[in-house]
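There are 4 protein chains.
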Amino acid sequence: MTGKLQTAVLGPTGYTGFELLKILFRHPRVKTPLLFVREGSEAAGPLSDVFPHLSGNGTHQLEPFAWSRLRSAGVELLFLATPHEYSREFVPEALDHGLRIIDLSGAWRLRSPQNLAVYKFKDADPARAAKIAESAVYGLSEWKRKELKEARLVANPGCYPTSIILALAPLINANVIDSGQGVICDSKSGVSGAGKKPTPTTHFVEVADNFRAYNPVGHRHTGEMLEQLKLSSKDLVFTPHLLPIPRGMFSTIYVHLKTPMKASEVEQVWRDAYAARPFVRMFAPPRIPEIAFSVNTNYCDLGFALSAGGERLTLFSSIDNLVKGAAGQAVQNMNLMYGWDEKEGLP
Amino acid sequence: MTGKLQTAVLGPTGYTGFELLKILFRHPRVKTPLLFVREGSEAAGPLSDVFPHLSGNGTHQLEPFAWSRLRSAGVELLFLATPHEYSREFVPEALDHGLRIIDLSGAWRLRSPQNLAVYKFKDADPARAAKIAESAVYGLSEWKRKELKEARLVANPGCYPTSIILALAPLINANVIDSGQGVICDSKSGVSGAGKKPTPTTHFVEVADNFRAYNPVGHRHTGEMLEQLKLSSKDLVFTPHLLPIPRGMFSTIYVHLKTPMKASEVEQVWRDAYAARPFVRMFAPPRIPEIAFSVNTNYCDLGFALSAGGERLTLFSSIDNLVKGAAGQAVQNMNLMYGWDEKEGLP
Amino acid sequence: MTGKLQTAVLGPTGYTGFELLKILFRHPRVKTPLLFVREGSEAAGPLSDVFPHLSGNGTHQLEPFAWSRLRSAGVELLFLATPHEYSREFVPEALDHGLRIIDLSGAWRLRSPQNLAVYKFKDADPARAAKIAESAVYGLSEWKRKELKEARLVANPGCYPTSIILALAPLINANVIDSGQGVICDSKSGVSGAGKKPTPTTHFVEVADNFRAYNPVGHRHTGEMLEQLKLSSKDLVFTPHLLPIPRGMFSTIYVHLKTPMKASEVEQVWRDAYAARPFVRMFAPPRIPEIAFSVNTNYCDLGFALSAGGERLTLFSSIDNLVKGAAGQAVQNMNLMYGWDEKEGLP
Amino acid sequence: MTGKLQTAVLGPTGYTGFELLKILFRHPRVKTPLLFVREGSEAAGPLSDVFPHLSGNGTHQLEPFAWSRLRSAGVELLFLATPHEYSREFVPEALDHGLRIIDLSGAWRLRSPQNLAVYKFKDADPARAAKIAESAVYGLSEWKRKELKEARLVANPGCYPTSIILALAPLINANVIDSGQGVICDSKSGVSGAGKKPTPTTHFVEVADNFRAYNPVGHRHTGEMLEQLKLSSKDLVFTPHLLPIPRGMFSTIYVHLKTPMKASEVEQVWRDAYAARPFVRMFAPPRIPEIAFSVNTNYCDLGFALSAGGERLTLFSSIDNLVKGAAGQAVQNMNLMYGWDEKEGLP
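Residue numbers (the working numbering), protein chains in the order written: chain P, 1 to 347; chain S, 1 to 347; chain V, 1 to 347; chain F, 1 to 347.
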């Protein structure tokens with residue numbers, strides 16, 4: 001096992017944690033990760049008690065978190081699959097211990113106080129928190145390869161922003177979008193995005209055969225898009241909807257072009273940006289991505305449609321919210337942090 | 001409104017309550033029912049806050065339960081859509097107030113102390129409870145028409161027993177089944193049967209794309225089948241399964257015949273029993289009922305298949321667990337209690 | 001049965017036909033309709049062979065279409081649940097026979113040759129076809145009450161336009177929308193909208209757990225919105241998506257307001273339009289309609305969200321595509337054609 | 001690539017083929033397989049036209065079948081993912097070419113003419129067909145390790161028999177079951193088992209929210225259970241049902257024990273049989289397998305429940321019908337045929 005990286009995962013009992021473990025367990029460059037539970041929230045014991053799906057694959061144990069155990073095992077990289085309040089409080093101490101961290105929560109994705117307000121964090125040391133946030137790398141793998149190499153703290157992007165920013169960034173960078181006429185993001189997500197905790201809105205009978213919008217104003221993920229795409233909050237409209245499926249995410253994005261474009265020109269903008277990015281796949285009209293194409297993979301699938309006049313452009317972006325939208329991108333980021341092949345260990 | 005019956009429903013905020021209200025609201029022989037909530041468990045206020053589906057259909061109010069309100073409104077019949085512990089405690093007092101009662105819970109369906117044990121009731125006055133249980137009519141409408149006419153307390157049957165007993169009773173009565181060789185009941189139910197409370201096992205992500213058996217030994221509904229069908233617990237095997245659908249129930253029942261029968265003979269046994277029963281439909285081979293045929297209706301659909309030798313008989317029985325398996329049968333029972341057309345007000 | 005209307009349905013073996021029959025069979029003002037099949041496409045015989053769901057409700061027969069049978073039965077109103085090519089060819093002759101017609105297909109909804117082009121009709125007598133199209137009433141019940149009274153031919157609206165026009169029309173009429181900045185209609189439909197014919201795209205395995213956009217440019221229903229809302233094709237973007245559910249439709253519509261509005265003002269515009277329209281329900285923020293609220297009903301449920309600045313308005317509109325989007329609206333139109341209560345016979 | 005096996009797949013455009021390709025593409029011991037289509041039934045061209053899911057993973061081509069191409073590429077092992085009629089006709093010639101074959105269809109699973117009758121094969125050379133059938137190895141991997149080593153033709157088992165035989169075989173071999181009292185197999189399968197061809201019974205609207213039994217007498221897979229388990233057709237009852245899920249299979253099996261057993265004894269019988277079989281997982285009461293545990297894996301998960309008296313035993317068996325029930329077991333068989341680790345390349 002010489003040469004393999006020792007990692008640990010804190011809080012792996014949710015849906016994202018499950019995906020993360022499945023990937024890490026078969027990743028050729030990492031040792032079996034330590035699995036830590038948060039005191040009071042999760043029970044220690046055999047992992048297969050929580051995920052019977054993993055029975056028969058060794059006898060993994062969930063253990064209470066302890067710095068001493070972390071040190072003695074030689075952990076270098078820590079994945080946080082914890083709630084954002086927890087990550088916000090925990091990260092400063094973890095950095096002090098010299099760890100590199102990939103945080104899958106929303107704790108460190110935002111810099112602007114205005115955008116951050118939605119999280120209502122109560123930082124013990126606000127100055128240090130601001131400094132950490134400033135140094136954190138927003139881990140949208142395709143756009144942060146250089147920064148990831150040296151990153152101490154990676155703020156793994158939200159699932160909605162991943163699907164939306166990957167579609168929009170090349171076009172915004174190419175300066176072809178008239179964002180003043182609105183950037184409309186109509187997103188649809190599978191239920192696992194809402195987490196594993198049973199609530200009235202995740203009850204099977206409430207979700208099955210149903211479809212609904214939620215948080216049509218002020219969803220937490222909006223700030224990520226504003227900051228990463230440098231858009232004005234006046235222009236961006238983001239409406240998340242809940243799909244009656246376990247996993248998968250589809251964003252339909254509407255923009256107005258500064259001047260009419262041809263389909264081949266739109267495609268070229270994307271190809272220029274993503275030619276060397278193995279996890280972005282492009283579908284040219286009349287082909288359109290579907291959730292089924294990317295589910296259980298780390299791909300982000302992009303497609304588009306142009307109005308007859310070539311002025312109105314509709315973008316389609318599809319990911320698996322638990323893989324490219326969370327655990328897969330986290331591992332992709334690890335690969336880039338350690339200079340490995342970006343695709344290593346990913347399905 | 002002269003001549004219409006004043007009813008009340010206690011606890012109508014669950015899935016069964018919702019179905020019951022939809023039926024009662026358009027029943028031509030009953031006034032708008034009073035809607036009572038249990039203190040501490042359900043909130044009073046506009047019904048459309050709980051069921052936005054019912055918006056625009058008048059301004060129904062959920063009100064705290066009060067005997068005085070019940071009396072002043074002239075309520076004659078009370079539907080209990082309450083948990084079984086609550087019904088067990090509440091019914092004696094309600095009978096003292098002179099009400100007729102249809103209880104949709106399992107509180108009063110069983111007589112044998114052995115079968116009752118599974119409920120762990122702690123009766124304040126065990127002797128009276130036993131007496132009430134003795135007098136309660138097990139409200140399987142097709143088989144208790146006479147008893148229902150005079151019933152003060154109707155114990156509305158469980159959904160599983162409804163689907164199973166309706167299929168088996170004619171054949172057991174006709175003495176053609178060799179029950180010593182086993183009466184195997186393999187039942188599959190939609191998720192609404194598990195109630196509205198969010199739990200890990202009703203979370204959409206846990207149910208969707210999944211299928212599982214549960215409580216394969218000692219399910220609460222077993223006692224109803226044993227008592228109504230007069231079977232030995234040695235012979236009856238009952239395995240409930242959870243289907244990834246909101247509603248509907250399908251039972252596949254396997255029996256051994258005393259002597260080989262022809263399909264026409266099996267069909268005749270059912271026809272003799274149910275010729276004058278409008279809510280039982282029979283499908284002769286090769287036709288087989290499906291959940292989709294009876295969902296949102298009060299029908300129980302029956303079908304069967306015979307082995308080549310004519311000795312092994314497989315029965316199929318399909319109902320909507322919330323209608324014929326709960327609210328619809330409750331209204332059917334009300335119709336029979338008051339001498340009305342059995343089909344009155346039923347979809 | 002004196003005083004009841006004799007109707008007939010041609011082509012009732014699809015999903016829309018099934019809904020229509022369920023409504024007509026219990027409509028208090030119509031006799032049992034004659035059920036005609038198209039030669040070569042549908043088989044005559046017992047209706048319960050096609051819809052076992054309807055077993056036990058009388059012995060309805062599907063019969064081959066014949067003018068003589070229609071006349072001798074005294075049919076006054078004919079529902080066409082036929083493909084649009086068929087309706088286009090059939091209607092002229094049916095009008096000559098003096099019938100009133102409600103056509104559920106797209107054959108007669110459009111007037112502009114440009115919009116009509118998508119259907120590729122080959123009219124035997126183009127001049128007469130144009131004249132008939134001119135006289136046809138676009139049956140969006142809430143907006144065509146007066147015209148419906150005298151209508152000979154009602155072109156029942158498409159499901160997508162029904163959900164979209166009902167949300168937009170009051171705001172466009174009130175002149176508050178800056179349509180030059182785009183009217184973005186992102187619609188999601190259940191699979192029954194694609195019809196009953198088995199195709200690769202309606203196979204369960206292709207639809208389940210999936211979500212996709214289709215026909216993002218030039219969907220047949222676009223013309224209806226352009227004509228009814230008097231919008232320019234430059235401004236309207238309409239993207240239909242396929243939901244993995246059997247029925248229900250949800251449209252999210254994005255517009256830019258000429259001047260910022262308050263939520264109460266938006267609501268008032270709708271209330272002014274729909275105060276006396278029993279099948280439109282309004283949900284004020286933060287309440288938002290869901291598909292589950294309107295499924296199996298004839299309601300169109302409306303809701304909205306305003307951006308912080310009050311300039312960008314998002315509309316939500318939810319209907320059952322088979323009821324308000326097809327069969328239910330057809331019956332609502334019949335009610336208005338004959339001067340009956342608009343709600344008569346509707347669930 | 002020295003030392004890697006060259007394989008080919010004929011007919012990989014269905015659901016089973018898709019799973020097979022996904023596994024073979026990442027199997028460390030095989031070269032990229034040749035992908036052949038059947039003339040007239042499947043189109044040659046880029047694989048990603050059929051499975052956009054596989055875009056971005058190289059440029060695999062479907063090519064018309066040709067013996068010359070097969071020989072020049074040095075193919076040693078051929079997977080047949082073809083219809084059974086096709087496999088029945090094709091295999092004799094393929095054996096003449098010296099190939100080893102894994103046939104995923106039902107063509108060569110049965111030996112008894114009585115059981116074979118259901119397939120209605122018209123063999124050109126019945127004597128040779130019988131001889132081939134005699135020599136074919138029924139590829140239930142866990143029970144045919146020795147035979148597989150030398151096998152020229154492997155008849156890959158049906159999905160239902162795989163789930164049922166794996167549960168029953170150890171108990172039948174241990175002689176604890178009184179099969180004369182009936183061996184009742186109540187199986188439930190996801191829709192992919194019905195194949196990719198669109199039919200009325202696989203239409204999304206017909207399957208969603210529904211559940212039904214089908215072919216309750218004489219299903220094609222019955223013969224496999226009879227032959228492999230040496231049961232009498234008088235004793236075995238097999239009822240397949242259709243679950244509204246894309247994939248996964250669950251069998252509930254009811255048997256009567258010769259003498260009462262304890263749970264630990266039942267478990268021991270299974271453990272004795274499967275201790276060295278990595279793809280069989282056992283769940284002891286009260287734990288029960290669920291479809292979700294084994295989906296997308298090659299596991300067969302077993303569980304059971306005993307009646308209070310210990311005489312009636314209910315078995316639970318869950319597999320992924322496309323993996324352990326088809327493509328996964330085929331690769332497991334390949335591994336055993338070539339003396340590799342049984343788990344090689346399997347998820």
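Be careful, since some hints might not be right.
In the BS3-like style, the derived pairs of lysine-lysine whose C-alpha atoms are separated by at most 30 Å in a straight line are [unchecked claim]:
| id | chain 1 | residue 1 | chain 2 | residue 2 |
| --- | --- | --- | --- | --- |
| 1 | S | Lys4 | S | Lys234 |
| 2 | V | Lys31 | S | Lys343 |
| 3 | V | Lys131 | V | Lys120 |
| 4 | F | Lys31 | P | Lys22 |
| 5 | V | Lys197 | P | Lys258 |
| 6 | F | Lys131 | F | Lys22 |
| 7 | V | Lys197 | F | Lys197 |
| 8 | S | Lys22 | S | Lys131 |
| 9 | S | Lys196 | S | Lys343 |
| 10 | F | Lys22 | P | Lys4 |
| 11 | P | Lys343 | P | Lys196 |
| 12 | F | Lys262 | S | Lys120 |
| 13 | F | Lys4 | P | Lys343 |
| 14 | S | Lys230 | F | Lys258 |
| 15 | S | Lys22 | V | Lys31 |
| 16 | F | Lys197 | F | Lys146 |
| 17 | P | Lys262 | V | Lys131 |
| 18 | F | Lys197 | P | Lys343 |
| 19 | F | Lys4 | P | Lys22 |
Restraint-style ranges between C-beta atoms, simulated for each label pair [claimed, not checked]:
| id | chain 1 | residue 1 | chain 2 | residue 2 | range |
| --- | --- | --- | --- | --- | --- |
| 20 | S | Lys343 | V | Ala308 | 47 to 57 Å |
| 21 | S | Asn175 | F | Glu134 | 42 to 52 Å |
| 22 | S | Asp49 | V | Gly310 | 26 to 36 Å |
Everything labelled a hint here was simulated from the structure, so no lab data went into it.
Fair warning: this is a prediction, and the values are worked out from it, not measured in the lab.
For each residue, glycine too, the CB sits at the ideal point set by N, CA and C.
How the hints compare with the structure:
1. Between Lys4/S and Lys234/S the CA atoms are separated by roughly 48 Å; this puts the pair beyond 30 Å, and the hint is violated.
2. Taken as a hint, the Lys31/V and Lys343/S pair is honoured in the structure, with Cα atoms around 20 Å apart against an allowance of 30 Å.
3. Using a Cα cut-off of 30 Å, the hinted pair Lys131/V and Lys120/V holds, with the two alpha carbons roughly 18 Å apart.
4. Restraint check for Lys31/F and Lys22/P: the C-alpha separation of about 26 Å stays at or below 30 Å, so the hint holds.
5. The suggested pairing of Lys197/V with Lys258/P is violated, with an alpha-carbon distance near 43 Å, which exceeds 30 Å.
6. Our distance criterion of 30 Å between C-alpha atoms is broken by Lys131/F and Lys22/F, whose separation comes to about 34 Å.
7. For a cut-off of 30 Å, the pair hint linking Lys197/V to Lys197/F stands: about 13 Å separates their Cα positions.
8. Annotation: proposed proximity of Lys22/S to Lys131/S is violated, straight-line Cα distance about 34 Å (limit 30 Å).
9. Annotation: proposed proximity of Lys196/S to Lys343/S holds, straight-line Cα distance about 28 Å (limit 30 Å).
10. Note on Lys22/F and Lys4/P: the hinted pairing holds, with a Cα-Cα distance of about 27 Å set against a maximum of 30 Å.
11. Between Lys343/P and Lys196/P the CA atoms are separated by roughly 28 Å; this keeps the pair inside 30 Å, and the hint holds.
12. Between Lys262/F and Lys120/S the alpha-carbon distance is near 27 Å, which keeps this suggested pair within the 30 Å criterion.
13. Using a Cα cut-off of 30 Å, the hinted pair Lys4/F and Lys343/P holds, with the two alpha carbons roughly 23 Å apart.
14. Between Lys230/S and Lys258/F the alpha-carbon distance is near 25 Å, which keeps this suggested pair within the 30 Å criterion.
15. Restraint check for Lys22/S and Lys31/V: satisfied, since their Cα atoms lie roughly 26 Å apart, inside the 30 Å limit.
16. For the suggested pair Lys197/F and Lys146/F, the alpha carbons sit about 37 Å apart, so the restraint of at most 30 Å is broken.
17. Using a Cα cut-off of 30 Å, the hinted pair Lys262/P and Lys131/V is violated, with the two alpha carbons roughly 39 Å apart.
18. Taking the CA atoms of Lys197/F and Lys343/P, the gap is about 35 Å. The hint is violated against a cut of 30 Å.
19. Proposed proximity of Lys4/F and Lys22/P is supported: the alpha carbons are some 27 Å apart, at most 30 Å.
20. As the Cβ distance of Lys343/S to Ala308/V is approximately 55 Å, the hint placing it in 47 to 57 Å holds.
21. Between Asn175/S and Glu134/F the CB atoms are about 48 Å apart, so this pair conforms to the stated range of 42 to 52 Å.
22. Judged by the Cβ atoms, the range 26 to 36 Å given for Asp49/S and Gly310/V holds: they are separated by roughly 27 Å.
The earlier numbered hints that this structure contradicts are 1, 5, 6, 8, 16, 17, 18.
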